[in-house]
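Here's the letter readout for the chains.
There are 4 protein chains.
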Amino acid sequence: MSADASLHEKRLAALAETFASHIPFNQVVGLHFRSLSTERCELVFKMDDKLVGNYVQGILHGGVIATALDVAGGTMAAAGLIQKHGDASENDLSIRLSKLGTIDLRIDYLRPGRGQEFCASATLLRAGNKVAVARMELHNENQELIAVGSGTYLVG
Amino acid sequence: MSADASLHEKRLAALAETFASHIPFNQVVGLHFRSLSTERCELVFKMDDKLVGNYVQGILHGGVIATALDVAGGTMAAAGLIQKHGDASENDLSIRLSKLGTIDLRIDYLRPGRGQEFCASATLLRAGNKVAVARMELHNENQELIAVGSGTYLVG
Amino acid sequence: MSADASLHEKRLAALAETFASHIPFNQVVGLHFRSLSTERCELVFKMDDKLVGNYVQGILHGGVIATALDVAGGTMAAAGLIQKHGDASENDLSIRLSKLGTIDLRIDYLRPGRGQEFCASATLLRAGNKVAVARMELHNENQELIAVGSGTYLVG
Amino acid sequence: MSADASLHEKRLAALAETFASHIPFNQVVGLHFRSLSTERCELVFKMDDKLVGNYVQGILHGGVIATALDVAGGTMAAAGLIQKHGDASENDLSIRLSKLGTIDLRIDYLRPGRGQEFCASATLLRAGNKVAVARMELHNENQELIAVGSGTYLVG
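Residue numbers (my numbering), protein chains in the order written: chain A, 4 to 159; chain B, 4 to 159; chain C, 4 to 159; chain D, 4 to 159.
Hints were generated in silico from the structure; no laboratory data involved. All the pointers check out, no bait thrown in.
Note that identical chains are pooled: a pair holds if it fits in a single copy or bridges any two copies.
Straight line, CA to CA, 30 Å or less: simulated DSS-like cross-link-like pairs of lysine-lysine:
1. K13 / K49
2. K13 / K87
3. K102 / K13
4. K87 / K102
5. K87 / K133
6. K53 / K13
7. K133 / K102
For reference, chain A alone in the conformation it holds in the complex:
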């Protein structure tokens, strides 16, 4: 592995650690990373009573789904920044990452959010100098597609 690739991986690992452990609302939902590369990420979380939106049917709240998909998309926007600025100092990169923000988000709710464990995945459709666009999906443990989304992120 080249030094660069190694630096890259360390930074992605640090990103995953930050997102999962230092963002309070991500901990409320119970998000943690199953995988993260510059190509794709997978975030998982377990069904929990407090995440329910329709108490008759016992399904995920739409806001939980939006949260997981926004975080997955934002993670890829951050991963794109890490890749694009591979030679930036730790401090410079940290400043860039702290400015990253969601511009807009669309979620299509396709099926009721039933299941025991959910996986929010994302890939980048556009990794520009100012704006990144990600496409996201939410599956349950039976690989049923529950929701898809599209998010635009400011990365400049």
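Knowing the structure of chain A, use the given hints to seat chains B, C and D on it.
Showing chains B, C and D alone in chain A's frame:
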């Protein structure tokens, strides 16, 4: 007040009670109604450490904003159902409401979610037999517009 | 081929004929079908001076892209109706198709619309009794992904 | 009127002239400005056989509506640039305007596009250094709200 208007108001009050007290994730966010009519609703919630998305800046998580706007829009879709089926039995209305669901949601994040108290408001743009469309806004206590959204709901 | 499959294909062919030849604005853009099945459709159109949006750069107008993606998504919503109501009479199906309409549409513009020939493709993400959701893509002749979209259609 | 305000108005007038006369697809739809300020714009166009999407009902094609709303939103993004860079040279402003582009667009189709004359209006929700967000509406000559939209534009 006519008997109908009175029944109407009782049902809206019951709806508000259900949304605020019986939907677990709404309680996580701390949503409660400031007002609810067939024209418009306002849901408020207070800033709280656990709702933070960017711990450096101390601003609301995008998923919290999406949650509040989705609930505000869904409330208006439900209020539209109550108005449209004014002569339905309690049971019939209850079945209709339990089937109500978000089809899709768009959120535009306009400004960082800074503040002490937030208000998510919604009005209906379309109240059809199968589909309702709501427009939503999130303001902080200084009346700064933090986000807007648009949601499509299945009400048939 | 079974009689049903044959009826199916005839109806899809009639749908393609209607969309390409009897919808005036589709003719303005020059849309015609490369393929259409119940799984997926591909609509193609050629670059033309009148379709330009940025005359300095000579690229497609965003409205042309939105048009092509909306038609591709709507076609799949119609194809879903044809499949779901396989035993309906010609007249019944025709009434259903005439009521089909776009509820909402999101387009992400990923790259400038440069090229000689463009292909708008669509697949169904959801084929419900009242609502269909399609995902769309626009490529140029070099297989560059120019735009993606998501559309919700009323099919009830 | 101050010299600046006068320069401002000249540049807005030049912008309107460019959008209406030098963008081929805007001419296909027949768009022209009724008004344009840094606060708001109104674009009008007349019903025409070639703009029809549903030939049974004789209503506007969804792509025509998307076109008009995208142009209205993009105009406000451009007007925001003109305001923000009030002291820029003609050449510098022209370069900035030529780079302006739609990042994404959402349209909600609320009512069938019936009427004789349509007005697409837009206001800015966000006028940042890199990204502008506009909210758009389409009315017919009876002030019926036919569609609303939201667009994100790259202006950096």
